[in-house]
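Visitor: Sequence:
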Amino acid sequence: MRIQPRQQILDIWRSVIQASFRDGAWNWGPKEERNSIRDAEMVLCLLYPATELPNLALDRPDSTADDVVKALAPLGRPTSIALKVIDVLADYVAEYTDTEGEPIFSGGSYFRVGGDKAGAKSEPIDERQRNLDVVDSYSMSVTLCLAALGFISVLRSSVKKSETRQTIGQLERAVQDRLTAAMVGLLRSFVVNIVDESDPAREIMLRTVSPTRIRDQAQEQAVVDNLNSRLARTRARLRDDVRLGVGEDVKEGLRDENMLFECGWGWSIVRNATPFKIELAETGFRDQPKICSVDGVADPRPYLYSTVVALDGINDLLSTRTRELGLLNEDQRRLSDALQVRWAQTQRYWSTIARFGDGDWPLEDIPWRTSDGDENDYYSLLVSSVLVQDLENREATDDDLNRAVAVFESLAQRGRITRRVTVNDPAVEMHVPGVRMNLGGSELLGTRLHWTVADFAPLLLKRALQATRLSQNVAARKALMDVADSTMAHLDRRRISQGPAAGLWDDPGDVLFPGESRVPTTKPSWYLSERVVEALVSGARTFRESPVRSSAVGTRAQELLHEAEHLLNREMLDADADDTSAKRSELNKIEAILIRARKIIIQQPGTANALALDALRRLDELAVAHRDATRSM
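In the numbering used here, the protein residues as written are 8 to 640.
Be careful, since some hints might not be right.
As the list claims (entries may be wrong) - With a straight-line cut-off of 30 Å between C-alpha atoms, the simulated DSSO-like cross-links for lysine-lysine are:
1) K168 to K77
2) K606 to K485
3) K258 to K297
4) K77 to K167
5) K284 to K258
6) K297 to K38
7) K596 to K606
8) K77 to K530
9) K38 to K530
10) K590 to K606
11) K297 to K284
In case anyone wonders, no lab produced these hints; they're calculated from the structure.
Just need the whole structure built from these sequences, with the hints factored in.
Guide: This is the structure in structure tokens:
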């Protein structure tokens with residue numbers, strides 16, 4: 008299936024409005040299903056493309072594209088659409104702010120206890136556990152708040168009514184406070200886990216980076232020394248530049264090169280996370296918000312899923328758009344700088360681990376094994392995600408990207424994207440119900456919770472498209488686009504086909520349960536739908552880039568242009584400068600074509616090639632016509 012981001016996003020928008028907008032009001036759905044993440048995902052299905060892709064913008068009502076207005080017709084005219092977005096944002100912020108003015112980041116209905124099989128019901132969860140914050144909410148809130156602030160900053164100039172401007176101003180202040188709190192939550196959820204010689208995780212980590220069995224102490228020490236050499240810069244930066252959340256015991260462990268370590272984000276604020284203070288003068292908080300000092304419960308070790316989610320949110324903080332629109336205040340820039348250090352070192356750490364050694368990469372040894380001994384193809388995709396982000400921020404080599412292509416192709420096969428599902432196929436559980444993550448530390452408040460992630464397909468789509476943007480190798484780009492196209496086709500077959508949510512996700516029946524009699528799904532998964540939207544936005548960015556330039560095609564285009572220009576010059580010798588005949592007009596057109604081809608030959612050698620061929624065809628037609636005319640005389 009061909010990926011067409013603009014058209015596909017417009018189709019999704021129609022489905023979002025059909026599912027969410029009824030009787031002139033936004034419908035958030037059943038209260039028992041709502042939580043701070045799910046509702047943010049719902050809003051971002053609409054707002055994220057509108058703020059990331061200029062041709063889908065809603066914040067300049069006078070210039071909103073006609074097809075966008077048509078897709079969102081139930082919301083009214085362009086101005087009404089923009090103001091409805093403001094109303095929805097205000098509803099969201101009000102719902103997830105408590106009576107003391109503190110932002111709420113709880114996982115709520117996304118937490119699970121007990122059964123995790125498809126269709127199994129979760130056991131009741133203690134209210135204190137339901138109210139636990141989660142990194143997913145911090146990161147999603149960062150993305151939502153930045154999208155909202157950017158939307159407001161542009162829309163404000165189009166608003167004339169003082170009452171509306173006042174409403175927008177109040178919303179902006181509340182969104183700023185939520186953004187500040189979410190950034191603090193991300194900072195206090197970052198963790199460096201020191202793994203000493205007695206920790207069972209040490210053996211697992213060494214086995215992950217060393218494909219051959221370590222037979223003795225000397226071999227183990229050689230692997231540790233090599234690993235330390237590769238991670239020396241990361242170790243030093245974590246020890247010297249990261250202060251919040253890294254206590255003296257951790258810094259002491261980082262000084263000891265016999266200790267292994269891992270870094271990233273826990274699933275929530277980790278135990279013993281150090282308190283933090285913000286500048287109240289730039290916020291609406293009267294006192295330091297609770298998130299700055301609340302005791303964390305999460306085990307102080309990184310979760311791959313939470314790490315990738317956090318990195319995505321921080322990417323939005325560090326984006327060109329955030330900087331150009333000046334969306335952060337002074338205190339938020341300080342928080343952003345602190346997060347950027349963690350973002351950079353975390354990417355470097357996992358990228359180094361993924362490519363460690365001189366032979367096969369550990370990442371190529373699918374499935375990836377986490378330090379607690381759990382292994383799954385989904386973890387390989389998560390590590391690949393960090394690798395792609397790291398390569399995006401540094402200069403990637405052809406070898407890096409060619410090997411990444413093979414990983415993505417393998418994951419597409421193992422994830423039954425490009426291979427058919429078999430009877431009782433264990434790979435299906437990675438999609439439905441998803442990969443289960445036990446939330447270590449949640450048992451301090453009751454039965455241990457778990458979190459289920461089921462975004463394998465949209466995550467594969469997003470990362471394949473990102474990797475395509477990085478590659479300058481034609482064959483690699485084609486292979487990555489093949490993976491992306493196949494994944495989009497897989498996802499398209501999983502769209503809900505009936506009911507108000509038709510066109511959204513997820514109805515996996517025909518794709519993942521062939522031959523089984525299953526009741527069609529009619530309830531939307533905002534979790535999966537939002538991630539498909541993210542992937543399509545990533546696709547739009549990829550397609551906006553200049554196409555890859557082939558040196559072979561460029562050389563061929565030069566040769567064709569040389570021949571065409573020579574033949575044109577020969578025809579011009581016999582042409583009268585003052586001639587106004589059809590022949591002279593055609594020669595002028597051919598000259599314009601060749602000028603255009605010469606102008607773009609560096610950036611678009613394939614197009615220059617096509618233009619040169621067109622010029623050669625036209626010149627040959629003129630030559631044939633001239634010969635025919637000569638013979639008839």
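Visitor: Now tell me, hint by hint, if it's right for this structure.
Guide: Here is how each hint holds up against the structure:
no. : hint         : verdict
1   : K168 to K77  : 26 Å, holds
2   : K606 to K485 : 26 Å, holds
3   : K258 to K297 : 26 Å, holds
4   : K77 to K167  : 25 Å, holds
5   : K284 to K258 : 22 Å, holds
6   : K297 to K38  : 25 Å, holds
7   : K596 to K606 : 15 Å, holds
8   : K77 to K530  : 25 Å, holds
9   : K38 to K530  : 14 Å, holds
10  : K590 to K606 : 24 Å, holds
11  : K297 to K284 : 10 Å, holds
The structure meets every hint from the earlier list without exception.
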